[in-house]
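As given, the protein sequences belong to chains A and B, one line each in that order. Be aware that the first sequence starts at 4, since it is given in the working numbering, and climbs by one per residue. Be aware that the second sequence starts at 4, since it is given in the working numbering, and climbs by one per residue.
No lab work stands behind these hints, which were simulated from the structure alone. Where is the CB? At the ideal position from N, CA and C, for every residue including glycine. One or more of the hints may lead you astray.
Quick partial rundown of chain A residues pointing at chain B, CB under 10 Å, derived from the structure [as the list claims (entries may be wrong)]:
#1 TRP22
#2 GLU69
#3 ASP72
#4 GLY182
#5 PRO187
Listing some non-contacts, in silico: residues in chain B with all C-beta distances to chain A over 10 Å [said to hold, decoys possible]:
#6 PRO39
#7 ILE45
#8 LEU148
#9 THR167
#10 GLY294
#11 LEU380
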Amino acid sequence: MQNVKVAIRKGKFTTVMQWGGHGAPLLFLHGAGGPMVGAPFLDKLAKHFTVYAPAHPGFGPGEGIEHLDDILDFALYYLDFLDELQIDDPHVVGHSLGGMLAAEMATLAPYRLRRLVLVGAAGLWLEDTPIPDFFTFKPPQLLQAALHDPAGPLGQTLLKQFESPEMQIEMYKCLASAGKFLWPLPDKGLKKRIHRIQVPTLLLWGASDKLIPPVYGEAFLQAIPGARLVTLPHSGHLPMLEEPDAFVQVVTGFLLEDEARSS
Amino acid sequence: MKNHWFHLMPYKYLPEDFQEKYPSVWVDVPSHLYDPVKGHEIYNEYLDELEYADRLGFDGVVVNEHHANAYGLMPSPNIMLACLARRTTNAALIVLGNSIALYNPPIRVAEEMAMLDVISGGRFVAGFPVGSSMDTNFAYGQTPLTLRDKYREAHELILKAWTTPEPFAFNGKFTQIRYVNIWPRPLQKPHPPIWIPGGGSVETWDWVAQHDYMYAFLSYFGYQPARETMKGYWDAVMRAGRDANPYRAGYLQLVAIADSDAKAEAEYAEAAYYFYHRCLHVPDYYALAPGYMTVKSVKSLKSPFRFDFLKELKWKDFVDQGYIIAGSPATVRQRLYEVLKDMNVGHIMALCQFGNLGREQTMRNTELYAKEVMPYLRENLWTEWEDHWYPRPLDARQRVKAAAL
Numbered sequence: 004m005q006n007v008k009v010a011i012r013k014g015k016f017t018t019v020m021q022w023g024g025h026g027a028p029l030l031f032l033h034g035a036g037g038p039m040v041g042a043p044f045l046d047k048l049a050k051h052f053t054v055y056a057p058a059h060p061g062f063g064p065g066e067g068i069e070h071l072d073d074i075l076d077f078a079l080y081y082l083d084f085l086d087e088l089q090i091d092d093p094h095v096v097g098h099s100l101g102g103m104l105a106a107e108m109a110t111l112a113p114y115r116l117r118r119l120v121l122v123g124a125a126g127l128w129l130e131d132t133p134i135p136d137f138f139t140f141k142p143p144q145l146l147q148a149a150l151h152d153p154a155g156p157l158g159q160t161l162l163k164q165f166e167s168p169e170m171q172i173e174m175y176k177c178l179a180s181a182g183k184f185l186w187p188l189p190d191k192g193l194k195k196r197i198h199r200i201q202v203p204t205l206l207l208w209g210a211s212d213k214l215i216p217p218v219y220g221e222a223f224l225q226a227i228p229g230a231r232l233v234t235l236p237h238s239g240h241l242p243m244l245e246e247p248d249a250f251v252q253v254v255t256g257f258l259l260e261d262e263a264r265s266s
Numbered sequence: 004m005k006n007h008w009f010h011l012m013p014y015k016y017l018p019e020d021f022q023e024k025y026p027s028v029w030v031d032v033p034s035h036l037y038d039p040v041k042g043h044e045i046y047n048e049y050l051d052e053l054e055y056a057d058r059l060g061f062d063g064v065v066v067n068e069h070h071a072n073a074y075g076l077m078p079s080p081n082i083m084l085a086c087l088a089r090r091t092t093n094a095a096l097i098v099l100g101n102s103i104a105l106y107n108p109p110i111r112v113a114e115e116m117a118m119l120d121v122i123s124g125g126r127f128v129a130g131f132p133v134g135s136s137m138d139t140n141f142a143y144g145q146t147p148l149t150l151r152d153k154y155r156e157a158h159e160l161i162l163k164a165w166t167t168p169e170p171f172a173f174n175g176k177f178t179q180i181r182y183v184n185i186w187p188r189p190l191q192k193p194h195p196p197i198w199i200p201g202g203g204s205v206e207t208w209d210w211v212a213q214h215d216y217m218y219a220f221l222s223y224f225g226y227q228p229a230r231e232t233m234k235g236y237w238d239a240v241m242r243a244g245r246d247a248n249p250y251r252a253g254y255l256q257l258v259a260i261a262d263s264d265a266k267a268e269a270e271y272a273e274a275a276y277y278f279y280h281r282c283l284h285v286p287d288y289y290a291l292a293p294g295y296m297t298v299k300s301v302k303s304l305k306s307p308f309r310f311d312f313l314k315e316l317k318w319k320d321f322v323d324q325g326y327i328i329a330g331s332p333a334t335v336r337q338r339l340y341e342v343l344k345d346m347n348v349g350h351i352m353a354l355c356q357f358g359n360l361g362r363e364q365t366m367r368n369t370e371l372y373a374k375e376v377m378p379y380l381r382e383n384l385w386t387e388w389e390d391h392w393y394p395r396p397l398d399a400r401q402r403v404k405a406a407a408l
């Protein structure tokens, strides 16, 4: 994978994307925590797909969030991104906020995407299982809610990363930008549009997700015609980091189904 | 020098173990702790205190706005000023203020403020705070990243509504109105003085200076940080090419006056602890929602945005570090003079009631301030400067008095 600079809408937006691999195009949309730079799961996906993993506007090196007022602006930005980079017939994998975004892209342009994977996706609100106010969480609390095994090696590594002041500022910036689409509650009308999703859709949830609990996966399942829900048993909200092999296997298996069938 | 009397209107009956049992005095403090019968008593007690300040000759009475908060019982401060407009005669009616990003459409604020200005015969001062993160983001659901844009747009609309004598259309990002046309219009021309209360946000200083407004620093944490804040503000004033008129600056100060320095502790320490330990019991995760301040401002924060250090402080610390200016009238007079002179401040907003301080003690504190401190400050500070940020009411002959009951 290499880092590539990208300018969209004549430079109104600029960002850096991780890019590389072989095969059908796959757009990965990261969550509120920011771009997962150098995460091994992206390399693993790149063995089967041409992966595009950009930083969103307002996250990390991404600029231009002042031009986005709401989640629909955000989804249209990514439809322009696909058009301008001439990415045809892509798979879209979205995580958390990125899942909400991917779902909105699919409601706006149902024929523009090939297949959709929503991982621990935001975008709905269930009165009986409110999503906790993670905007108020300190790193230990956040990891407690996000990880299946907060005390394990991944939890330790992430906690250590959070100790640096630069990382705290970066996190502040990411959450500030995420707030534009998720504050105060992450329900911005997707429920009115979700029936328009027509592409084959996989819902992927960590069984121990306490940020957006698996019951939200059930809600997406009921709302999207023909969708499937797979739950990873040893993951929380970050299955691509917690169980990267299983994650890639499930995602790849789903996205390559058509090819497998025809061959 | 102008001397104003500021009320926060705290709830005085939080339980002894409040800090241990509840995470915050703000945002999620459960309202079952509020007894409306006691609330009835203290609203009336507090209004009595503000009216007393007017009778004793204070230049202004000051109220402010908070939400989901047990130390500030004025979600609508304009209601308090409406009560005071008919029962006071000379004091400026100062609201610090209305958090204008919270009102939809914001012309409601323009209308209510115009009403207050007209009822009071032009004694009104309009404060426009951005509002704390607790009030705006958490209690009123505003998106942190766009709060300041919304604030600036609301400010533009209100000013235009006050100063445009014909209906006009307003096409904002947050508010669209086909016919902006407020009745009544404010009495003061071109509009009431505008004060901007702040807690020390860098982005506020330049904006205030550019608009030629007054900056009212709501300081609770003593002289040293206040000095730095006021220096930051005065630097911004100079950058904007304005003069150093001290009436560009206001400063909140807790004041505790007794017959002697020794007696001050006995009379005020309990209320000080109630205020600093119980009323300011706010966790840092409510104090700064991500996006409430710009990344630039967050980087320039010298210390984490938190209040828990207050719990370690004792009366002596409060007094030594200037959180409270306390002691005999002579001590308070001297200390206030030094602080105001040093920071070049023309408007002091004295907090003579704080925490659970009782009515008698508050009245006594107010009286000692009015008789022993106020005249000295008036005579000895800033007599050479003109105050352009104080109301210009109707002439006394034109002003109507409320009929006796």
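**Minimum beta-carbon distance criterion (10 Å), A:ASP72 to chain B** = Holds, about 8 Å.
**Message:** If we take the beta carbon of B:LEU380, is the closest beta carbon in chain A still more than 10 Å away?
**Reply:** B:LEU380 is indeed farther than 10 Å from all Cβ atoms of chain A, at 42 Å.
**Item:** Consistency of the no-contact label for B:PRO39, given chain A and a CB cut of 10 Å
**Value:** Its Cβ never comes within 10 Å of chain A, the nearest being 28 Å, so this holds.
**Request:** Go through the hint on A:PRO187 and say holds or violated, using the shortest Cβ distance to chain B against 10 Å.
**Result:** 4 Å, holds
**Request:** Against chain A, does B:ILE45 hold up as non-interface, every C-beta pair farther apart than 10 Å?
**Result:** 30 Å, holds
**Message:** Would the hint on A:GLU69 be counted as holding, given a Cβ-Cβ threshold of 10 Å to chain B?
**Reply:** 9 Å, holds
**Prompt:** Beyond 10 Å from every Cβ of chain A: is that where the Cβ of B:THR167 lies?
**Reply:** It holds; B:THR167 is separated from chain A by about 27 Å at its closest Cβ, greater than 10 Å.
**Request:** Decide, holds or violated, for the assertion that all CB atoms of chain A are farther than 10 Å from the CB of B:LEU148.
**Result:** 5 Å, violated
**Request:** With chain B as the partner, please determine if A:TRP22 meets the hint condition of a C-beta pair closer than 10 Å.
**Result:** Violated. Min distance 27 Å.
**Item:** Non-interface claim for B:GLY294 versus chain A (Cβ beyond 10 Å)
**Value:** Not fine: 3 Å to the nearest Cβ puts B:GLY294 too close to chain A.
**Satisfaction of the A:GLY182 interface hint, Cβ to chain B closer than 10 Å** = 5 Å, holds
Hints 1, 8, 10, counting from the list given before, are not met by this structure.
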